[in-house]
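Trainee: Use the sequences and the hints to build the structure in full.
These protein sequence lines are chains A and B, in that order.
Throughout, this note's numbering is defined as the position within the first sequence, counted from one, plus 7.
Throughout, this note's numbering is defined as the position within the second sequence, counted from one, plus 7.
Please note that a few of the clues may not be correct.
Since the list gives no way to pick one copy over another, a pair counts as held whenever it fits inside one copy or between any two copies.
[Said to hold, decoys possible] Below are the SDA-like pairs computed for lysine to any residue, each with C-alpha atoms no more than 20 Å apart in a straight line: (1) 137 - 181; (2) 137 - 91; (3) 47 - 32; (4) 137 - 159; (5) 137 - 180.
The set of hints was computed from the structure by calculation and includes no laboratory data.
Protein chains: 2
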Amino acid sequence: MRKGEQTRAAILDAALELAARDGLEGLTIGGLAERMQMSKSGVFAHFGSREDLQIAVIQEYHRRFEEEVFLPSIREPRGLPRLAAMFARWVERHSREIASGCIYISGAVEYDDRPGPIRDELLQMVLAWKRALLRAARQAVDEGQLRSDTDCEQLVYEMRALVLALHHDARFLRVDDAIERTERAFERLMSAASAPLAQAA
Amino acid sequence: MRKGEQTRAAILDAALELAARDGLEGLTIGGLAERMQMSKSGVFAHFGSREDLQIAVIQEYHRRFEEEVFLPSIREPRGLPRLAAMFARWVERHSREIASGCIYISGAVEYDDRPGPIRDELLQMVLAWKRALLRAARQAVDEGQLRSDTDCEQLVYEMRALVLALHHDARFLRVDDAIERTERAFERLMSAASAPLAQAA
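Mentor: Laid out in structure tokens, this is it:
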């Protein structure tokens, strides 16, 4: 049992790497077996089908995202400090992912018009993160740190846009100032939405 | 000759549709031949290789992009009117592409870590559009419509981020307010960068 769990975790680890590089659609039991120097039936023993494997990869990716980005951020005081921490850790994670790729972003392009359980799983994960950002933004309004007329949906839309641009420019255009530009835009976004009293303080 | 050109154009048209749906990597001579009810050798007669076909698709996509977005916009007065027209037509084109997909955006994900002539071609096209936006933004500064201390690179980065978000949210999340959010963000971006005199006028 212990050994089985270790093997499953090792397969999942390799699958995450392959999926980040070749996309979730590029992930095959055969390719993974070769990478792990296992038989295909050895991989099938841990993941019943290719689709089960793809879904397990999305869930593991999300677990790591939560562990690195979400969980440390919600230890910050609610409101602006928490929202800023979420954004900073998100950008930091992307800066580490420049070499490997982000399954949420590549997955959105792979599955935008391909319905089914993989699209549903991806969508659920992306929406969960969007909701977490929205909650933090609304708390910043409640705390009087952001203006009471702030359109939080709009704010979160623009934050997410900046991270998409960071990924695009760093991975595809390979420019070296995308992180800096994203951070600068976020600061301006926050400063424009800051409540007058919070600005004074 | 005339007939040959027509056939080539019809193949290219079908190839654009397939590439928007399945990605440039999903484009095969076999799939295209089936779609066109032609033999594979018939397709090969017009495009020497799969790679030639993929590059022809990118160039044709770019030609249409220029025709729909760039060329009508540069008829506007230089500066802010031209920059705003470029953005508005770009958003409009995306709103039509919600059903079909955008080869620049899906291509960026497909080829971000896959070097070669296809990546080079895509990159060249995306950079050409980025330079055109930058030129228009700098002219808006020269014309005194945007503040003289405007960081035009930053402005164009944020404009591009908004279009990436529009594509992501409309195609993947399937929300219906992405166009409106993108336009609202653009207006705020322009208003924050507007020169005081231009604001007064």
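Trainee: If a hint holds in the structure, say so; if it doesn't, say that too.
Mentor: To see whether the hints hold, each was checked on the structure:
{"no.": "1", "hint": "137 - 181", "verdict": "between (26 Å within a copy, 14 Å between copies)"}
{"no.": "2", "hint": "137 - 91", "verdict": "within (14 Å within a copy, 29 Å between copies)"}
{"no.": "3", "hint": "47 - 32", "verdict": "within (17 Å within a copy, 26 Å between copies)"}
{"no.": "4", "hint": "137 - 159", "verdict": "within (11 Å within a copy, 29 Å between copies)"}
{"no.": "5", "hint": "137 - 180", "verdict": "between (26 Å within a copy, 11 Å between copies)"}
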